[in-house]
Amino acid sequence: MFIAVTLAILVTIGLALARALAGPTTYDRIAAANMFGTKTVLLIAVLAFLSDRADLLDIALVYALINFIGVIAALKLVTRGNFHGSSDKDSGII
Amino acid sequence: MIIDILSWILLLTGGALGILGGIGIHRFPDFYTRLHAGGITDTLCAMLILTGLALQAGWSLAAFKLGMIFMFLFFTSPTASHALASAAMHSGLKPRLEGDEPAGVPHHD
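So the protein lines, in turn, are chains A and B.
So in my numbering the end of the first sequence lands on 94, straight run, no missing numbers.
So in my numbering the end of the second sequence lands on 1109, straight run, no missing numbers.
Hints are not guaranteed to be accurate.
List time: in silico SDA-like cross-link candidates among lysine to any residue, alpha-carbon distance up to 25 Å [as the list claims (entries may be wrong)]:
(1) B:K1094 with A:A20
(2) B:K1094 with A:L17
(3) A:K76 with A:A54
(4) B:K1094 with A:L77
(5) A:K76 with A:T40
(6) B:K1094 with B:D1030
(7) A:K76 with B:L1061
(8) A:K76 with B:I1019
These are calculated hints, taken from the structure and not from any lab test.
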């Protein structure tokens, strides 16, 4: 049963990866990367039960934290063009 | 036994929703509809799978960790979706409305 869920998550990851490679705008790619990260958290959590090693859940938790921060950081980089927080829209690359 | 069947149902429903969201993010015509499809897998699919796993784990530390992951995803994935949509809207990416040109046209400013 866990194997079926693992396969479903892997198919989802593949489709999100296809969108990340094909997506016309940068935001499509970031959305697909966000989805990829969430699915990776779920995949690690399911693998923890599949291989009966509960300590993998810690890795899933840390991955969830890092994924959120990564998406917000990538979004800020794309929107502003830098990481150092000026709110001046004219200095961005968009 | 009943808990086993319930958790299997939750896990399989979550996996099916994940595939549906993947098909959605692959085939929908513009960014905002794709974000909607991704939002399905970020919220409902993740929560069904995590709840199913927690039912398998019973009352243990693993269930607590799954609950932590659940709470974290519950708060962060709508935040990320909102930030994405708001940044895209701010940068001038227009939603594709009825009567616009067909999909596949890159919309750069």
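These are the hints, each one checked on the structure:
1. B:K1094 with A:A20: 20 Å, holds
2. B:K1094 with A:L17: Between K1094 of chain B and L17 of chain A the Cα gap is close to 24 Å, so the pair holds against 25 Å.
3. A:K76 with A:A54: Violated. K76 of chain A to A54 of chain A sits at ~35 Å, over the 25 Å cutoff.
4. B:K1094 with A:L77: Given pair K1094 of chain B, L77 of chain A holds - Cα atoms ~21 Å apart, limit 25 Å.
5. A:K76 with A:T40: 22 Å, holds
6. B:K1094 with B:D1030: Holds. K1094 of chain B to D1030 of chain B sits at ~9 Å (cutoff 25 Å).
7. A:K76 with B:L1061: Roughly 36 Å separates the two Cα atoms, so the pair is violated.
8. A:K76 with B:I1019: Given pair K76 of chain A, I1019 of chain B is violated - Cα atoms ~29 Å apart, limit 25 Å.
In this structure, the earlier hints numbered 3, 7, 8 are contradicted, and the remaining ones agree with it.
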